[in-house]
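Protein sequences appear in the order of chains A and B.
115 is the number that UniProt numbering gives to position 115 of the first sequence; each next residue is one higher, with no gaps.
729 is the number that UniProt numbering gives to position 729 of the second sequence; each next residue is one higher, with no gaps.
Hints listed in this document are in silico derivations from the structure and should not be mistaken for laboratory results.
Quick reminder that beta carbons are idealized off the backbone N, C-alpha and C, glycines included.
You may find that some hints are simply not true.
To be verified - With a straight-line Cα cutoff of 35 Å, these simulated DSBU-like cross-link-like pairs (lysine-lysine) come out:
1) B:LYS498 - B:LYS569
2) A:LYS570 - B:LYS569
3) B:LYS137 - A:LYS159
4) A:LYS464 - B:LYS63
5) A:LYS621 - A:LYS159
6) B:LYS569 - A:LYS621
7) A:LYS464 - A:LYS484
8) A:LYS569 - B:LYS569
9) B:LYS356 - A:LYS570
10) A:LYS464 - B:LYS464
11) A:LYS159 - B:LYS464
12) B:LYS498 - A:LYS356
13) B:LYS62 - B:LYS159
14) A:LYS63 - B:LYS159
15) A:LYS159 - A:LYS48
16) A:LYS63 - B:LYS62
As the list claims (entries may be wrong) - Far from chain B, by Cβ distances over 10 Å, these chain A residues were calculated:
17) ASP610
18) ASP689
19) TYR693
20) ALA700
There are 2 protein chains.
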Amino acid sequence: MADFTYRLRPAEPQGPSILASERAGSNVHVEQLAGHLLWRNDFLQRQKRIVAILERIPIFSKKNQLNMARPDRYQLGLARAKSLRRLSIEHGWDRDDYLMADYLVDEMGPYALQTSMFATSIREQSTDRQRAHWLPKLERWDIIGCYAQTELGHGSNVKGIECQARWDGHTKEFVLHSPTVTASKWWNGALGRTANHAIVVAQLLLPEPGSDTDSDSPAAQDRGATGSRSRYKSYGPHQFIVQIRDMATHQPLDGIVIGDIGPKYGYPAMDNGYMLFHQFRVPHSALLARYSGVDADSGAYMRPQNPAVVYGSLTFVRAQIVMHARLVLARAVTIAVRYLAIRRQFADRDHNHDQKTTPGPAPEQAVLNYPTVQIRILPLLATTFALHYTGEAMYQLYHGTREAIERSGDFSRLAEMHAASSGLKSLCTTLAADGIEICRRAMGGHGFGGASGMIALNNEYLSKPTVEGDNWMITQQTAAYLIKRMTAVAQTLGLAPKDELDLQFQEYLAVNANSNTNGNGAGNTTATAPTPSTRNFDILANDAELVRAFRHRASHLAYQAYRARVVEKKPWTSLMINLHRLSRAHSESLLVSHFHRAVFESSAAGADLDLDEPTLDVMRKLFRLFALFTLDASASEFLLSGAISLQRLQAVLPTVQDLMAQVRPHAVRLVDAWSVPDYLLESALGSHDGDVYNRLFRRAHRDNPLNRWTFNPDWRSEEIVMGEGAENARTRLDALALGLDNTGYERSGLATTTKSKL
Amino acid sequence: MADFTYRLRPAEPQGPSILASERAGSNVHVEQLAGHLLWRNDFLQRQKRIVAILERIPIFSKKNQLNMARPDRYQLGLARAKSLRRLSIEHGWDRDDYLMADYLVDEMGPYALQTSMFATSIREQSTDRQRAHWLPKLERWDIIGCYAQTELGHGSNVKGIECQARWDGHTKEFVLHSPTVTASKWWNGALGRTANHAIVVAQLLLPEPGSDTDSDSPAAQDRGATGSRSRYKSYGPHQFIVQIRDMATHQPLDGIVIGDIGPKYGYPAMDNGYMLFHQFRVPHSALLARYSGVDADSGAYMRPQNPAVVYGSLTFVRAQIVMHARLVLARAVTIAVRYLAIRRQFADRDHNHDQKTTPGPAPEQAVLNYPTVQIRILPLLATTFALHYTGEAMYQLYHGTREAIERSGDFSRLAEMHAASSGLKSLCTTLAADGIEICRRAMGGHGFGGASGMIALNNEYLSKPTVEGDNWMITQQTAAYLIKRMTAVAQTLGLAPKDELDLQFQEYLAVNANSNTNGNGAGNTTATAPTPSTRNFDILANDAELVRAFRHRASHLAYQAYRARVVEKKPWTSLMINLHRLSRAHSESLLVSHFHRAVFESSAAGADLDLDEPTLDVMRKLFRLFALFTLDASASEFLLSGAISLQRLQAVLPTVQDLMAQVRPHAVRLVDAWSVPDYLLESALGSHDGDVYNRLFRRAHRDNPLNRWTFNPDWRSEEIVMGEGAENARTRLDALALGLDNTGYERSGLATTTKSKL
């Protein structure tokens, strides 16, 4: 019998006709809103142009990715990375084109460090002489680089890294050495199999004046690991540029052990690596010496001119993560909204339909019509826009700060930016990471399937709450800044506010400082301070009051933290949970403020919104939905700060539910505006045309390699693939389980010729 | 140069010595607590015995799993499933032994349906005659089965499935038919590649009396899909047992299309499948007819004796999921506690150490000492015990209910059990699933790595919030039960309570009913009902009051729901969010109540706790920690219900922080008591001996197949593996990306001989 499935269609109504009527039922202006969101750098046209190129090239197809062995994913990743580099030249891509292609391929690949941390270090930390030597090689991609900072034993605490760079004054060399297993470099992208050069971060060890540093003798070399330590002084972590592999054989150089650290949650195509040194010598010129260095003659340390330079670059990375979060969450929400508008499940329990006009059972409802689904998805839809406007604000702050530093060496805004970027990195990546999973779960069974497009998205993004400053750790930096600012305001009451934060804190103190400082709970503020005066902002009827409620709650927590730390001198560690909550409250206040300003004060702020009235009206509802939903999630903090009353709180959920009902008809058009191409979504559930079930079925029926094989299900036989025989199967699967056959490679015939000598 | 890494050790202090001193610093009685938790079915001895067997067999090694292609994972899964079956016979395993082995292998494999839904259906839904025919085949495993209920278009709403079983009175056969693509069976485990028999759930279509059902003619057959529908009446979903594949060739039978649906979030070794029928005929005996059937002569329907039977079996599955959750969460918490006790990061910010006695930098702190880490991990540690005691309570309820049904056909407790199991399934799987990810994130970079042991655990468990009743959907069932019970109590005030829930509701109503019913907000209870009388339970000083606060809040939400639905007749759909919150509140109240009873009223309840005083003391602290942490997370509901005051709430976080400091020294011993073997943990971070860094390093350096190959990193060349040449690489990677080479199989030489004819 021929395959009869080709004749079949999904049950009515068809996905495409559902999305068509969803789109017809809303007056949100998609093109206008898309242009409003994605105007920068000609994003939309660029995206269209690059997608068209990538879609035609077989290795950029993503359809088989989830079937592959991890070593194959790396190989495909390397092939793609090379191809992107060649396409750049072929099509004359500029940097934005290249970044767009990288974004669309949606894979952290083996060249990812080349244009980021490797290039950044060379550019920013090198002397002019070093730049002249390395930049041409970098720009021609004659060398492939990575950035080796974190170690097996130390991640966030960079000062604690163990890798040593000991100065040998006799040979004028640095001796790189890993004294322990934990000193092994670890997690460094592109190091494991790809890079031939690395920026190595190591403790700079210089001889104590007058000590004997005859490190040429073998005995002294051994002491280098342990015994000689006391005669050297560490000047902290410094960057060295080091060739790590032979340029012809690609084997690690003698005295270096390198490898890939193995599979992880996401990033299958990236060879995160480990590396250890054994008394490995590099020349004096290896130390990147723009801001600090070692005098080759005297072995004396030359101090950095401005330590804030390093500090600044992490800040910029965090700002970029904040700016990126909106598009990640938009992907998940796009898939969820489209699929849940199409998916039908259960009839309304109270539905009383007329059996005469419509015989048969009551019609099933679109899943997105259920409030229990809306409460998970629609606030996240609103969050994409909240992230957008805060990303835009970060962009302004980023470029303003950067320009001030580069033009006039003015670092004054760096502290504000550092505080904002730390707290927002923590909050925004948590919102996006959790949001992806909330979307996935809302899609039920099909959300769990590979055709959802959610698996890679989730796995990859789950690194973001950890990297570039753990989300729970870096909130201390934001809180410390706020305490400092609150201290200044509290101790100079009455002065003119120098910025919005001053004003916000002053307003809070004007009402609350006395009741708190004179209260009987002074000895134990965080626990039993009297409830502050209830402001009870009119959050439901007045949007500006809603913003004020967020500011008030943040100010309250800042004031509590100031009291505890500055006035009562409590241990920092004991306050950490409160500090985390403070950072979150402040960051939520920033999100709400930026969103409010964008949709209510556009002309005042000088930026034209370019949105017609119906679209703007929906955006304002989304603002209210985001703010009230966020408030409800931390309602007790608003109550404790006196920002709202219990009575007011009771009306929040009904209002949220009402707002969701108003936003619901526009959901499909709103996600359309994010303009995420099908190529990037890689989702049968979320494609623009809504042909969900045909795509799901075809993917399983045509594109699933497992279905090309017939297996022997009989437990009495050890045979697995029909016809291979029991003995073959046994040998093959033992080797597979133990990882002895390279997961397919020994079998492929490639194994004998190309095995590494490592 | 020889591999110098073998000489190296991790930096001091070593993991094993840290865990030794952690263990020495607590007086929790590990063996006693382990026996207390895991006494049932001789769990601990059985676990030890089975681990020893599995650890010696190569295919049960898990170390290469994350490197494998998905088709290889299926094959390994099939080999393991067969091996477990053979081991059962070889070692004379009983059912508990087999289940233990399955639990330890920790993989949903291709035989998983055989002893569960396939066997259950045959045993429970068959007539005696059907049993006599099928049970011997089932028990000898001559047939391999699956359970085909859910479809591409319908999951939770079983009544909506489209697959048809039309009775043909002429031939006395049922005609199975899939009229649409969405009628395709979907997600059914073991169907895709393994099973040769299936329980197929289809709409039973019987001819309307008097209609022409000449279905033998080809024309009528075509109408079977569409036109003839009106002449048939559906009697709803029924189960049929169907042979689906040829027993010799293992090809699908003519008229059936089957395949695996492809990769998904977890379960790589399970072949979840799809299946469509084209006018496929099965005999009258295929309908499993214990409770309902079709008269072969008249074609008349015979009604089910008791519809609650089917309903009961889902309830039992949910109860089992609740009972299982504790061990899943215990695994994640074990890994997190051990690793975070070993991992050092940063010195205390306020540390002032004496440079004379301890020169050098201040010592780094164990990460688990930071309150921001404790607040994520230690409440979850407490949650493992909360889940345990509720699991035990469910076990009692389960067996009591089951016994009542089987012995005397008494279904009276089924409604209570259904409500409890639905709400608890939702809450407990959410707690466990979210808890796994919270643990993983708390472990920073290494938590993201494959050697954490968290990847598979997370991926697999993420199905649980969706399967067997979506966690947001089934809470309606609990809420409906609670509304029914509240209605009965509210309308019969003054009667003697028939159980604890009656008493709980009566207590609430005694204080609050009047203030609510007479309030001015009667028309809009959920939004603006007056705040109920503040009870302000003494949650911090009195454990019984803490339990009462949870019951009060649940009663309050039940009363609000009753008012809205029963008194004010609001639409069910509009109340769904409130109903979800009600179910959660009630379920949390159950967790807190069971935990409290177990550690405070053991003698009263008749079960001897068998714990010495120091251990019991820690358990009581864990109870307080769990309850107060849970209360804090939904604090606004407690405030709104009047269970506590704002003033009281302010003291909750400091109390939680204090409890965590008291529990912290016992954390390692507490997770030890869960007795999760290293074989199951499969984690370098969480192994019992604490040798974290050596394990992490060895795994990367020895056991990572990617490191056996040398790659060509030069972007100018299309060559990938060194030496293979550009042309080979291009062909190979194009095929890989498009899934054309079966992810390695074509290359292996196996491809040509065993390709399926599908």
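Hint check results:
| no. | hint | result |
| --- | --- | --- |
| 1 | B:LYS498 - B:LYS569 | holds, 27 Å |
| 2 | A:LYS570 - B:LYS569 | violated, 54 Å |
| 3 | B:LYS137 - A:LYS159 | violated, 67 Å |
| 4 | A:LYS464 - B:LYS63 | holds, 26 Å |
| 5 | A:LYS621 - A:LYS159 | violated, 47 Å |
| 6 | B:LYS569 - A:LYS621 | holds, 29 Å |
| 7 | A:LYS464 - A:LYS484 | holds, 28 Å |
| 8 | A:LYS569 - B:LYS569 | violated, 56 Å |
| 9 | B:LYS356 - A:LYS570 | holds, 26 Å |
| 10 | A:LYS464 - B:LYS464 | holds, 25 Å |
| 11 | A:LYS159 - B:LYS464 | violated, 42 Å |
| 12 | B:LYS498 - A:LYS356 | violated, 46 Å |
| 13 | B:LYS62 - B:LYS159 | violated, 40 Å |
| 14 | A:LYS63 - B:LYS159 | holds, 33 Å |
| 15 | A:LYS159 - A:LYS48 | violated, 45 Å |
| 16 | A:LYS63 - B:LYS62 | holds, 27 Å |
| 17 | ASP610 | holds, 35 Å |
| 18 | ASP689 | holds, 15 Å |
| 19 | TYR693 | violated, 5 Å |
| 20 | ALA700 | violated, 4 Å |
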